[in-house]
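Student: Given next are the chains, with one letter for each unit.
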Amino acid sequence: MIKRLLFLLASLLLAAPVLADQKPLPGDSVYQLGIKLTDQDGHTWPLAERRGRVQLVTMFYSSCTMVCPMIIDTMKATRATLDDASKQKLDLLAVSFDPERDTVDALHAYMGKRKLDAPRWTLARAKPQDVRALSALLGLQYRQLPDGEFNHSSELILLDADGRILAKTTVIGKVDPAFAAKVKEALR
Amino acid sequence: MWLPWVVMILASVTTPKPGQYVPLPGGTFASVIGADDKGAPAQIRPFKLRTEPVTNAEFLAFVMKNPQWRRDRVASVLADRQYLSQWASADKLGPGALPQQPVTRVSWFAAQAYCESENARLPSWYEWEYAAAADAHREDARQDPAWRDAVLNWYSRPSNTPLPTIGGEANIHGVRDMNGLVWEWVDDFNALLVSGDGREQDGADKLRFCGAGAANLEQKENYATLMRVAMLSAVKAADTTNNMGFRCARND
Numbered sequence: 001m002i003k004r005l006l007f008l009l010a011s012l013l014l015a016a017p018v019l020a021d022q023k024p025l026p027g028d029s030v031y032q033l034g035i036k037l038t039d040q041d042g043h044t045w046p047l048a049e050r051r052g053r054v055q056l057v058t059m060f061y062s063s064c065t066m067v068c069p070m071i072i073d074t075m076k077a078t079r080a081t082l083d084d085a086s087k088q089k090l091d092l093l094a095v096s097f098d099p100e101r102d103t104v105d106a107l108h109a110y111m112g113k114r115k116l117d118a119p120r121w122t123l124a125r126a127k128p129q130d131v132r133a134l135s136a137l138l139g140l141q142y143r144q145l146p147d148g149e150f151n152h153s154s155e156l157i158l159l160d161a162d163g164r165i166l167a168k169t170t171v172i173g174k175v176d177p178a179f180a181a182k183v184k185e186a187l188r
Numbered sequence: 001m002w003l004p005w006v007v008m009i010l011a012s013v014t015t016p017k018p019g020q021y022v023p024l025p026g027g028t029f030a031s032v033i034g035a036d037d038k039g040a041p042a043q044i045r046p047f048k049l050r051t052e053p054v055t056n057a058e059f060l061a062f063v064m065k066n067p068q069w070r071r072d073r074v075a076s077v078l079a080d081r082q083y084l085s086q087w088a089s090a091d092k093l094g095p096g097a098l099p100q101q102p103v104t105r106v107s108w109f110a111a112q113a114y115c116e117s118e119n120a121r122l123p124s125w126y127e128w129e130y131a132a133a134a135d136a137h138r139e140d141a142r143q144d145p146a147w148r149d150a151v152l153n154w155y156s157r158p159s160n161t162p163l164p165t166i167g168g169e170a171n172i173h174g175v176r177d178m179n180g181l182v183w184e185w186v187d188d189f190n191a192l193l194v195s196g197d198g199r200e201q202d203g204a205d206k207l208r209f210c211g212a213g214a215a216n217l218e219q220k221e222n223y224a225t226l227m228r229v230a231m232l233s234a235v236k237a238a239d240t241t242n243n244m245g246f247r248c249a250r251n252d
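Line by line, the protein sequences are chains A and B. Be aware that the first sequence starts at 1, since it is given in our numbering, and climbs by one per residue. Be aware that the second sequence starts at 1, since it is given in our numbering, and climbs by one per residue.
Here chain A stands alone, though its shape is the one from the complex (with noise of 0.2 Å):
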């Protein structure tokens, strides 16, 4: 009987966050996009479950040595400018532009390497059409070279809890104040 009390109590409280989600999506989300993303751990998830909370995204390729790097970067210095609270309330998510190469365990091994904390921290990668699609979505471009490398553009987005674009900055290397200001808003 206990038992079943639990289990009664367990699945009300497992189904609060869903039930809070019943809402529909707003046209203009991200989230409307069905594509399936696949993290460093291994997991595969449709990016719709990026839903409930502030999101800074970019994407990337773990094996680019010239600006990805600053990317990286660029995300945690965004972070750094938050206060402590506001930190815990802000995920960070690196789509890879490079899904031949940056399997699960090269993900993961790029997480390690540039200490990168989950769960806040999220890499990942996707299958081709769906890397275009996101791309295409956030007004990131890429094209690959002969020699496998990527040229791309850069950008850090701000999405909020409901997967709408709040912000963009294309300043790389150093914090944009403006767009740090958007999320730390975002996060109030």
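Mixed in with the good hints there might be a few duds.
List time: in silico SDA-like cross-link candidates among lysine to any residue, alpha-carbon distance up to 20 Å [unchecked claim]: (1) B:K38 <-> A:G148; (2) A:K87 <-> A:P119; (3) A:K127 <-> B:S117; (4) A:K23 <-> B:A75; (5) A:K127 <-> B:E116; (6) B:K65 <-> A:Q32; (7) A:K87 <-> A:R114; (8) B:K48 <-> A:K168; (9) A:K168 <-> A:P69; (10) A:K127 <-> B:N119; (11) A:K184 <-> A:K127; (12) A:K168 <-> B:K236; (13) B:K92 <-> B:N119; (14) A:K127 <-> A:T58; (15) B:K236 <-> A:G139; (16) A:K89 <-> A:L187; (17) B:K236 <-> A:D28; (18) A:K182 <-> A:A161; (19) B:K236 <-> A:A167; (20) A:K36 <-> B:K38; (21) A:K36 <-> B:R121; (22) A:K36 <-> B:N66; (23) A:K36 <-> A:V54; (24) A:K36 <-> B:S117; (25) A:K36 <-> B:A120; (26) A:K76 <-> A:Q144; (27) B:K236 <-> A:Q32; (28) A:K127 <-> B:R250; (29) B:K236 <-> A:I35; (30) A:K89 <-> A:I35; (31) A:K23 <-> B:R121; (32) B:K236 <-> A:P128; (33) B:K38 <-> A:P146; (34) B:K65 <-> A:G34; (35) A:K174 <-> A:L116; (36) A:K23 <-> B:R73; (37) A:K127 <-> B:A61.
Since the hints were made in silico from the structure, they are not lab data.
With the hints as your guide, set chain B onto chain A.
Tutor: Showing chain B alone in chain A's frame:
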């Protein structure tokens, strides 16, 4: 009694069966967009291409099966307000959209979703340009002024005249309507003019682009194809236009 049969047989001979894919050999191809900043040719793997653009009738069947792509239900982030507005209603073509006309006013997201429903994908720019370079007799007819004129002439057609139906002359690959019917989405439409040379950029833009090479435009005399590149580079994935349709491709 026999007349309908004759008509049916004749019809099956003269009108191409929709939704068919033919193999293309691929290979080294001199694209208008260099593969790197030195204008390297593209390397195209063998692939399969849909013989015609997707029609209104085919897209209607897709929408009926996938109601999230109805014009009255689609998310605004995935298609603009003009999406399928030539149809009589969300589930009827009507007089403004003939079944055998290529579907237009479709966003890149909708085109991609359609292709996935055929276990296919959108062709890459290189695949599309390569397939479109052929005429009925040659794999690469682009040096022929007649080919160039024909393509350019189509661009001067006013965009408010009704679209012809599919079923133009097949090129040497067995592919129809690459030039002269509609603009077509390609998978990497948003990557064609990515300039990679961050060193040329100043200030805040200095690090916007990452990577060693740069997209270089080649064959500047090939205006017709460069116009396609310019147009594809100007649109966003949720945009729809009166003349933009698509066809799908598959890996070989």
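Student: Compare the structure with each hint and give your call.
Tutor: Against the structure, the hints come out as follows:
For the hint linking K38 of chain B to G148 of chain A, the alpha-carbon distance of about 15 Å falls within 20 Å, and the restraint holds. Restraint check: the Cα-Cα separation between K87 of chain A and P119 of chain A comes to about 12 Å, which is no more than 20 Å; the hinted pair holds. Note on K127 of chain A and S117 of chain B: the hinted pairing holds, with a Cα-Cα distance of about 16 Å set against a maximum of 20 Å. Between K23 of chain A and A75 of chain B the CA atoms are separated by roughly 15 Å; this keeps the pair inside 20 Å, and the hint holds.
A C-alpha spacing of about 12 Å is found between K127 of chain A and E116 of chain B, which places the hinted pair at or below 20 Å, so the restraint holds. As the CA atoms of K65 of chain B and Q32 of chain A are separated by approximately 18 Å, the hinted pair is consistent with the 20 Å bound. A hinted pair counts as satisfied when its Cα atoms are at most 20 Å apart, and K87 of chain A with R114 of chain A qualifies at roughly 18 Å. A distance of roughly 38 Å separates the Cα atoms of K48 of chain B and K168 of chain A; the hinted pair therefore is violated under the 20 Å criterion.
Our distance criterion of 20 Å between C-alpha atoms is met by K168 of chain A and P69 of chain A, whose separation comes to about 18 Å. The hinted pair formed by K127 of chain A and N119 of chain B meets the criterion: a straight-line CA distance of about 14 Å does not exceed 20 Å. Using a Cα cut-off of 20 Å, the hinted pair K184 of chain A and K127 of chain A is violated, with the two alpha carbons roughly 33 Å apart. Simply put, K168 of chain A and K236 of chain B have alpha-carbon atoms about 17 Å apart, close enough for the 20 Å limit, and the pair holds.
As the CA atoms of K92 of chain B and N119 of chain B are separated by approximately 25 Å, the hinted pair breaks the 20 Å bound. A threshold of 20 Å between alpha carbons decides the hint, and for K127 of chain A with T58 of chain A the separation of about 17 Å falls inside it, so the pair holds. Proposed proximity of K236 of chain B and G139 of chain A is supported: the alpha carbons are some 8 Å apart, at most 20 Å. Among the hinted pairs, K89 of chain A with L187 of chain A is consistent with the structure: their alpha-carbon atoms are about 7 Å apart, no more than 20 Å.
Using a Cα cut-off of 20 Å, the hinted pair K236 of chain B and D28 of chain A holds, with the two alpha carbons roughly 14 Å apart. Under the criterion of a C-alpha separation no larger than 20 Å, the hint pairing K182 of chain A with A161 of chain A is consistent with the structure, at around 14 Å. Between the alpha carbons of K236 of chain B and A167 of chain A the distance comes to roughly 18 Å, so the proposed pair stays at or under 20 Å and holds. Simply put, K36 of chain A and K38 of chain B have alpha-carbon atoms about 36 Å apart, too far for the 20 Å limit, and the pair is violated.
Under the criterion of a C-alpha separation no larger than 20 Å, the hint pairing K36 of chain A with R121 of chain B is consistent with the structure, at around 17 Å. Annotation: proposed proximity of K36 of chain A to N66 of chain B holds, straight-line Cα distance about 18 Å (limit 20 Å). Straight-line distance between C-alpha atoms of K36 of chain A and V54 of chain A comes to about 19 Å, which keeps the hinted pair within the 20 Å bound. With a C-alpha separation of about 17 Å, the suggested pairing of K36 of chain A with S117 of chain B holds against the 20 Å cut-off.
Straight-line distance between C-alpha atoms of K36 of chain A and A120 of chain B comes to about 18 Å, which keeps the hinted pair within the 20 Å bound. This hinted pair does not check out: K76 of chain A and Q144 of chain A have alpha carbons roughly 26 Å apart, beyond 20 Å. Using a Cα cut-off of 20 Å, the hinted pair K236 of chain B and Q32 of chain A holds, with the two alpha carbons roughly 16 Å apart. Annotation: proposed proximity of K127 of chain A to R250 of chain B holds, straight-line Cα distance about 15 Å (limit 20 Å).
Straight-line distance between C-alpha atoms of K236 of chain B and I35 of chain A comes to about 19 Å, which keeps the hinted pair within the 20 Å bound. Straight-line distance between C-alpha atoms of K89 of chain A and I35 of chain A comes to about 24 Å, which puts the hinted pair past the 20 Å bound. With a C-alpha separation of about 32 Å, the suggested pair K23 of chain A and R121 of chain B falls outside the 20 Å cut-off, and the hint is violated. A distance of roughly 19 Å separates the Cα atoms of K236 of chain B and P128 of chain A; the hinted pair therefore holds under the 20 Å criterion.
Note on K38 of chain B and P146 of chain A: the hinted pairing holds, with a Cα-Cα distance of about 11 Å set against a maximum of 20 Å. For the proposed pair K65 of chain B and G34 of chain A, the alpha carbon gap of about 16 Å is at most 20 Å, so the pair holds. Taken as a hint, the K174 of chain A and L116 of chain A pair is honoured in the structure, with Cα atoms around 18 Å apart against an allowance of 20 Å. For a cut-off of 20 Å, the pair hint linking K23 of chain A to R73 of chain B stands: about 16 Å separates their Cα positions.
Proposed proximity of K127 of chain A and A61 of chain B is contradicted: the alpha carbons are some 26 Å apart, above 20 Å.
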